[in-house]
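Peer 1: Chains L, U and R: place on chain F using the hints.
Protein chains: 4
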Amino acid sequence: MHRGAAEMDGWWRAVAGVFSSDRERSRAGGAALGFDLGRSYGDVEEMLREERLRPDGIDAVAIMTPNDTHYRFAVAALDAGLDVVGDKPVTHDFQEACDLVARTHRGGRIFAVAYGYSAYPMTRYARQLVRDGVLGTVRLVQVEYIQGGMATRVEEGPQNNRFRWVLDPRRSGLALVMSAIGCHAQHLASFTAGLAVARVAADVGALVPGRKLVDYVSALLEFDGGARGTFTVTQAAAGGENDIRLRIYGDKGVLDWWHREASYLRLALQGEPARIIGRGDAFLPPEIIALGRTPRGHPEGLREAFANIYAEVAQDRMARKLGEPVPDLLYPRIEEGAHTMAFIEACVASHASRGWVAVAAVATKPAQ
Amino acid sequence: MHRGAAEMDGWWRAVAGVFSSDRERSRAGGAALGFDLGRSYGDVEEMLREERLRPDGIDAVAIMTPNDTHYRFAVAALDAGLDVVGDKPVTHDFQEACDLVARTHRGGRIFAVAYGYSAYPMTRYARQLVRDGVLGTVRLVQVEYIQGGMATRVEEGPQNNRFRWVLDPRRSGLALVMSAIGCHAQHLASFTAGLAVARVAADVGALVPGRKLVDYVSALLEFDGGARGTFTVTQAAAGGENDIRLRIYGDKGVLDWWHREASYLRLALQGEPARIIGRGDAFLPPEIIALGRTPRGHPEGLREAFANIYAEVAQDRMARKLGEPVPDLLYPRIEEGAHTMAFIEACVASHASRGWVAVAAVATKPAQ
Amino acid sequence: MHRGAAEMDGWWRAVAGVFSSDRERSRAGGAALGFDLGRSYGDVEEMLREERLRPDGIDAVAIMTPNDTHYRFAVAALDAGLDVVGDKPVTHDFQEACDLVARTHRGGRIFAVAYGYSAYPMTRYARQLVRDGVLGTVRLVQVEYIQGGMATRVEEGPQNNRFRWVLDPRRSGLALVMSAIGCHAQHLASFTAGLAVARVAADVGALVPGRKLVDYVSALLEFDGGARGTFTVTQAAAGGENDIRLRIYGDKGVLDWWHREASYLRLALQGEPARIIGRGDAFLPPEIIALGRTPRGHPEGLREAFANIYAEVAQDRMARKLGEPVPDLLYPRIEEGAHTMAFIEACVASHASRGWVAVAAVATKPAQ
Amino acid sequence: MHRGAAEMDGWWRAVAGVFSSDRERSRAGGAALGFDLGRSYGDVEEMLREERLRPDGIDAVAIMTPNDTHYRFAVAALDAGLDVVGDKPVTHDFQEACDLVARTHRGGRIFAVAYGYSAYPMTRYARQLVRDGVLGTVRLVQVEYIQGGMATRVEEGPQNNRFRWVLDPRRSGLALVMSAIGCHAQHLASFTAGLAVARVAADVGALVPGRKLVDYVSALLEFDGGARGTFTVTQAAAGGENDIRLRIYGDKGVLDWWHREASYLRLALQGEPARIIGRGDAFLPPEIIALGRTPRGHPEGLREAFANIYAEVAQDRMARKLGEPVPDLLYPRIEEGAHTMAFIEACVASHASRGWVAVAAVATKPAQ
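Residue numbers (numbering that gives the first Met the number 0), protein chains in the order written: chain F, 0 to 367; chain L, 0 to 367; chain U, 0 to 367; chain R, 0 to 367.
Take these hints with a grain of salt, some might be off.
Identical copies go unnamed one by one, so any copy, or any two together, can satisfy a pair.
[As the list claims (entries may be wrong)] Straight line, CA to CA, 25 Å or less: simulated SDA-like cross-link-like pairs of lysine to any residue: (1) K251 x G270; (2) K251 x F282; (3) K251 x Y263; (4) K251 x I275; (5) K320 x A101; (6) K320 x A13; (7) K211 x D223; (8) K251 x P272; (9) K251 x P284; (10) K320 x R53; (11) K320 x G33; (12) K211 x D242; (13) K251 x E143.
Read the hints as simulated data drawn from the structure, not as lab findings.
In isolation and in its complexed conformation, chain F is listed as follows (with noise of 0.2 Å):
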């Protein structure tokens, strides 16, 4: 999916890899994926190393790898003067988190984070029409993702062995729901609103009797500035497929996106009608048009909207290199990953005290 969507528009081709956490396996994985068998590496110390070498090196990292080596991968990507695109959850906690901050800026690197859902040319408008003001001021931003997929204890049985990790909660971070899914819930509110959450009141456990991993968290959520939220997210859901809904209420109307029409968003103005707005209409502004590549009424996915992620740190490097000003790109920096990761933290923390938990600032201000 990454390596498509890298390539998709043509910015980006993958040529070096590390492909398993065994070194026999990795340089094997490589060649069957199409990789050079050289540049197919053992281990991401010598990637590094030996790309640092070459006239073509690479010039930046995606890390897809499980959630306990992101922060040392990231670490060493930008130790090694690359730039990153990072999976979710950014690290295990927040004082990681705010560690990749600060390199990040220290280094005057890029570190985007794949948060996919919040580029789909209907959620990026989302976003512009609140900042244009069309909803007034932002009071209420209900947002769940709900899935079917661990609706079983699938944690018992015969695992696929590339994602077992990913029900080892010692790896898969603080709550598992919360790496897997809920990192996408919380990102895609708090970036469509322009809002960071301020404070949460939450359930977080198990619907699954006797589950140690954690696949529910509900919570009330206080957002900057005082406007309200609410927040689920499961993969506890039997029935469930994988909905991701957003709803932002300002005092002017609601928007609402729902990623099974993803296509589509849809805008209630208090006394007017609502309007149905599709990928590619005419009206959109361009740089919305321009985050679709089939004409309006074609259906498009998330490889697409990961392609614009890519796209976008590419256009960002290029006018560093060029010394040109930085266009405005909107695709998600590791202070919202960072953001993201406080949440968590406050969201565990409030189960643990039966209340209200504030949500730690990131330094660096998120650039929402």
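Peer 2: Frame of chain F, contents of chains L, U and R only:
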């Protein structure tokens, strides 16, 4: 609405009434609505007294008055030996509601509550599917009711005299939005899932800045037996319509009902295609089909749902009168109204304490 | 249904009737429905004769009898100087319908046709938008009505006595599916688009092999003025529900109405976001809002649509009686019923000739 | 689009091409797209000649050129012993198409047609359900394709040079709307229902007054075996998006697929709840699941559908090369393209004669 509902199937006739808190306006109002002048009374006491003297006096009282009068009129009606159909909220607080429960039992009377959303054919069928174990054990219940009617400060503008009491916090109840629509949302969730709310952590306040009335409540729920829940109601959602939506997740699948498509129910069992069940579908049990009055594929509304409640109250009366076994009728009872009052009190208390609060139990278990 | 609709707003009271073609069953049937025994008549002639003698005799007749009796009873009612609300199809053929048009005009009477789908608030608003030029010039009208009730050979099974006549081709009309639902589809298209059908090429037959009844008609249409159309109706669509859908395309945009979501109308203007307009929306003109009886967001049904027709007939009567100018009322007239008969005849003729056939014009132009 | 689709799964690499009818622009165009300068040819003849001389010469040709060049280039490619993926319409008329069928058979070549809508996982599954008898005997097929791109007289305005040929009736085919989208609609219907069209009565013309191009075709269909059909396509529907919709009715139920929700298929069997089947649902057969590339609940698009065609052509080639039995692959063949040409000719002839016209049979039966 209530009159048309009560009379729809020929079970009831509205023959007497009090139509205003002003004696003269009440008499004139009854006549204007086609009531007999002699049975358009100046106040409730007069009505109860005079009707008792008539050989064809009234059998029951339907109370659709301002919220702060519900308890008083209900007591009067019960004391007069009449059955009651009462609007929600049934009283001002939980203590009054418990008193109504006790009086109803002592008098051997019927006390139905006008929770119309639970009397749609498809919400009744949802309850039946849950009862029959089609979803397995219930794990999560999500309910919300979103309206836009108070998105602006209507309380400050010129107000329709007739509903002015709604905006008076002393008259409309402990929390306006709960009195207006939150009652319905909580009851629908408890009725269909067959579960009382045990504990809540709630955010209770106003989305509209400076408003003194409560226009927003969102809560994390724990039901008896441990199932989780989420609850969000507001009348301050600009652009909102009248969206009450219910989802019940069990370990086998999920039920989804949305008022906007009230004649349909979505059932998605894990590993099977989602099913859309329509009012009047041939495979439905006869008691569900009987709750509709037109062939399948024809929209029906809340008027018909209320008519189902009135029809069941009549059938209950008739069975009791004939000394026949009382059939298994699902119209909402005063115990369910009392549970709602306990729920509202717990939400208010939770907001004050910023933590989780237990919901008081209703002495006589609601007939769920 | 009709009785509830007529009485809903207090304009009418059903006080007399004929309830069966059998004299004794008719008398008993009226009583069972709560009619006065003395006004439950043995046949139509008796009813008209006796009622004329009463000081409180009936003002109008609603004809909801088997199709082959419509013409006869309508003639009798008109000749008795009464107004008529007639079911569709208004007669057996176009010639009879023209005779009713002439008799109605001669007698200065009201003759309304129970085309309920055209009396929903949202189909009325569709007509208004077309009239107001919001769509520009109408280019194409698509209408379909798909049901599944005759997907199997119900005509061979044991039949409900009461509706046996429906399956008798001599009694149900020129083409069963047209009598049953095709009437509604054609009228809805003509009413909302404001266009009579000028020419048709039709496929008329049975989807169920071996069936003698017509259960399927699909036609290419040309309207007066040149707009094109498509028309498809069937009762033999296994899995079908009750789906009547209308789309009107003008040079500026398209209107889309679907009975399943009868309270909503979709308007998509070229180059603008699609708008979803809901019954009761605040921006609607007052005469459209007045066609609903509950607040926006509450489903209503066909019962309320019929009630709109009955209310308008009453208003028309009252205006005529008072000698006031007759308001602009949109209830369907006998001329529209006659146009439908011409359309049905043209479809049958087109199928026979395997080519295009002109639709006969109604002498007095329908009040569209 | 086609290049990305062909390369998506690694089966193909686009290595050579002709990119303009102008020799110099073609060479420059290839380079701009990242093609080897030496393999960016001045014309098709040159490409075929030069590539034949290379040890790594091309294996197949994808023809995405103006419609009036399809036949000529296809003949050249087949004569050069290459396999072909051709765009629709495959030729200018039925006779040319039959010639391509014959040449393909004589040369033992593969000739696939880019009917992408039939290669969505859910349209493939629709076909399979029909084949498996889930619907019973097919009685009625309804297909429509509604667009708004030609709702105004774009043919008179300044035109994008690249697509100018589309608006030239001599170059775009017998009927513009059929060449552009009608091909897809007819093929989708025939492919999924497994039925060729036998007879048509068609209305062929322009919705836009004064237009010389055909922008509207609506037809009554009779399929082989007697099933009925309706067919409506237009590009002149102001407010239209890109709505291709298919419904297949059998004696047991109905299948409904709509491009806007391409990942879902609705199956309603008589007497059972409607089922919504989603791409990737666990119960689907593995060959249907394999047509998707992301987990269920993630939108995919036409790009992926085209990729399915390219992947199957590659698998067919490989099987033939290895002398293995050719697997049962469903990519559309030249015979299906030829049937479409016969259908278009019949529609045009029907309009001229104002009656029903038989559709010419394709000598070698399409592999349906």
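Peer 1: Look at each hint and say if it fits the structure.
Peer 2: A quick look at each hint next to the structure:
1. Taking CA atoms no more than 25 Å apart as the test, K251 paired with G270 passes in both settings, with 9 Å inside one copy and 23 Å between copies.
2. Both within a single protomer and between protomers do K251 and F282 lie at most 25 Å apart by alpha-carbon distance, with minima of 21 Å and 15 Å respectively.
3. When the C-alpha separation of K251 and Y263 is checked against a cutoff of 25 Å, the pair qualifies both within a copy, at 20 Å, and between copies, at 22 Å.
4. Taking the shortest alpha-carbon separations for K251 and I275, both the intra-copy value of 17 Å and the inter-copy value of 17 Å come in at or below 25 Å.
5. For the identical chains of this complex, K320 and A101 are intra-copy neighbours only, at 21 Å inside a copy versus 58 Å across copies, given an alpha-carbon limit of 25 Å.
6. With identical chains, the CA atoms of K320 and A13 are at most 25 Å apart within one copy only, with a shortest distance of 20 Å there and 31 Å across copies.
7. Taking the shortest Cα distances, K211 and D223 sit within 25 Å of each other only across copies (22 Å), while inside one copy they are farther apart (33 Å).
8. For the identical chains of this complex, K251 and P272 are neighbours both inside a copy (13 Å) and across copies (18 Å), given an alpha-carbon limit of 25 Å.
9. For a Cα distance limit of 25 Å, the shortest separation of K251 from P284 qualifies both inside one copy, at 21 Å, and across copies, at 22 Å.
10. With identical chains, the CA atoms of K320 and R53 are at most 25 Å apart within one copy only, with a shortest distance of 19 Å there and 40 Å across copies.
11. Taking the closest pair of Cα atoms, K320 and G33 come within 25 Å of each other only across two copies (23 Å); inside a single copy the shortest separation is 30 Å, beyond that limit.
12. In this assembly of identical chains, K211 and D242 lie within 25 Å of each other by CA distance solely inside one copy; the values are 24 Å within and 36 Å between copies.
13. Taking the closest pair of Cα atoms, K251 and E143 come within 25 Å of each other both inside a single copy (22 Å) and across two copies (20 Å).
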